[in-house]
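If you read the sequence shown in the working numbering, its first letter stands for residue 31, the second for the next number, and so on.
Any given hint could be a false lead.
What the hints assert, rightly or not - Here are the simulated BS3-like cross-link-like pairs (lysine-lysine), alpha carbons at most 30 Å apart as the crow flies:
no. : residue 1 : residue 2
1   : Lys50     : Lys137
2   : Lys34     : Lys137
3   : Lys34     : Lys50
4   : Lys117    : Lys137
5   : Lys125    : Lys50
6   : Lys50     : Lys117
7   : Lys125    : Lys34
8   : Lys125    : Lys137
As the list claims (entries may be wrong) - Label-pair restraints from in silico Cβ distances:
no. : residue 1 : residue 2 : range
9   : Asp142    : Asp74     : 27 to 37 Å
10  : Ala43     : Lys117    : 14 to 24 Å
11  : Ala75     : Phe47     : 28 to 38 Å
12  : Met119    : His77     : 32 to 42 Å
13  : Ala51     : Gln78     : 19 to 29 Å
14  : Gln149    : His77     : 28 to 38 Å
15  : Pro89     : Ser153    : 27 to 37 Å
16  : Val120    : His77     : 29 to 39 Å
17  : Ser55     : Ser102    : 33 to 43 Å
18  : Asp104    : Pro138    : 16 to 26 Å
19  : Ala108    : Gln33     : 12 to 22 Å
20  : Arg101    : Ala75     : 31 to 41 Å
21  : Val120    : Ala51     : 24 to 34 Å
22  : Pro89     : Gly57     : 28 to 38 Å
Simulated from the structure, these hints should not be mistaken for laboratory data. Note that beta-carbon positions come from the ideal geometry of N, C-alpha and C, so glycine has one too.
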Amino acid sequence: MEQKQVLIIDDDARNIFALKAVLRSRGIACISATTGEEGLQLLDADHQVGVVLMDIMMPDMDGYETIAALRSNDRNRALPIIAVTAKAMVGDREKCLEAGADNYISKPIDVDVLLTQIQRYISV
């Protein structure tokens with residue numbers, strides 16, 4: 031059985047690069063998308079995604095809209111989503127969870143906290 035991978039959806043290539051470097055150094059396979067639409071297309075094509083790291087603040091289709099679109103597909107309803115946001119403000123966590131995320135982490139990302147969250151959903 032193939033290891034589940036992490037799908038990173040973030041409009042900032044630097045964030046994707048940094049997250050991929052950290053995850054791959056821990057033996058965690060990952061793929062990425064720079065838009066919500068691209069992320070949804072990857073999910074339609076790839077059934078080995080075990081968790082999604084979803085940037086909330088993206089142009090066009092933001093993280094909230096992407097989560098809603100993802101959850102509207104029966105196949106993705108139980109797919110774990112960790113919301114990631116840079117502008118952590120009071121109420122953001124609750125708003126992300128209400129939108130359908132399973133967990134929340136703010137930037138700058140604490141790698142140990144991120145790895146603990148990911149390990150809840152996929153075996154590493």
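Structure-based check of all given hints:
1. Using a Cα cut-off of 30 Å, the hinted pair Lys50 and Lys137 holds, with the two alpha carbons roughly 15 Å apart.
2. Restraint check for Lys34 and Lys137: the C-alpha separation of about 24 Å stays at or below 30 Å, so the hint holds.
3. Our distance criterion of 30 Å between C-alpha atoms is met by Lys34 and Lys50, whose separation comes to about 15 Å.
4. Between Lys117 and Lys137, the direct Cα distance comes to roughly 8 Å. Compliance with the 30 Å bound is thereby established for this hinted pair.
5. Proposed proximity of Lys125 and Lys50 is supported: the alpha carbons are some 26 Å apart, at most 30 Å.
6. At most 30 Å may separate the alpha-carbon atoms for a hinted pair to count; Lys50 and Lys117 meet this at roughly 21 Å.
7. Distance restraint check for Lys125 and Lys34: the Cα-Cα separation of roughly 27 Å lies within the 30 Å cut-off, and the hinted pair is therefore satisfied.
8. Distance restraint check for Lys125 and Lys137: the Cα-Cα separation of roughly 16 Å lies within the 30 Å cut-off, and the hinted pair is therefore satisfied.
9. Between Asp142 and Asp74 the beta carbons are some 32 Å apart, a value that agrees with the proposed interval 27 to 37 Å.
10. Separation of Ala43 from Lys117 is about 19 Å and conforms to the stated range, judged on CB atoms against 14 to 24 Å.
11. A hinted range of 28 to 38 Å is violated for the C-beta pair Ala75 and Phe47, which are about 22 Å apart.
12. Restraint check, Met119 to His77: a C-beta distance of roughly 35 Å satisfies the suggested window 32 to 42 Å.
13. Distance hint check for Ala51 and Gln78: the Cβ-Cβ separation is about 20 Å, which falls inside the suggested range of 19 to 29 Å.
14. The given range of 28 to 38 Å is broken by Gln149 and His77, whose C-beta atoms sit roughly 21 Å from each other.
15. Between Pro89 and Ser153, the C-beta spacing of about 34 Å keeps the proposed range 27 to 37 Å intact.
16. Evaluation of the 29 to 39 Å hint for Val120 and His77 yields a pass: the beta carbon distance comes to about 37 Å.
17. Between Ser55 and Ser102 the CB atoms are about 34 Å apart, so this pair conforms to the stated range of 33 to 43 Å.
18. At about 35 Å, the beta-carbon gap between Asp104 and Pro138 misses the expected band of 16 to 26 Å.
19. Our hint of 12 to 22 Å for Ala108 and Gln33 holds, since their Cβ atoms are close to 18 Å apart.
20. For Arg101 and Ala75, the Cβ-Cβ distance of about 18 Å falls outside the hinted range of 31 to 41 Å, so the restraint is violated.
21. Separation of Val120 from Ala51 is about 31 Å and conforms to the stated range, judged on CB atoms against 24 to 34 Å.
22. Restraint check, Pro89 to Gly57: a C-beta distance of roughly 33 Å satisfies the suggested window 28 to 38 Å.
Checked against the numbered hints above, the structure breaks hints 11, 14, 18, 20 and satisfies the rest.
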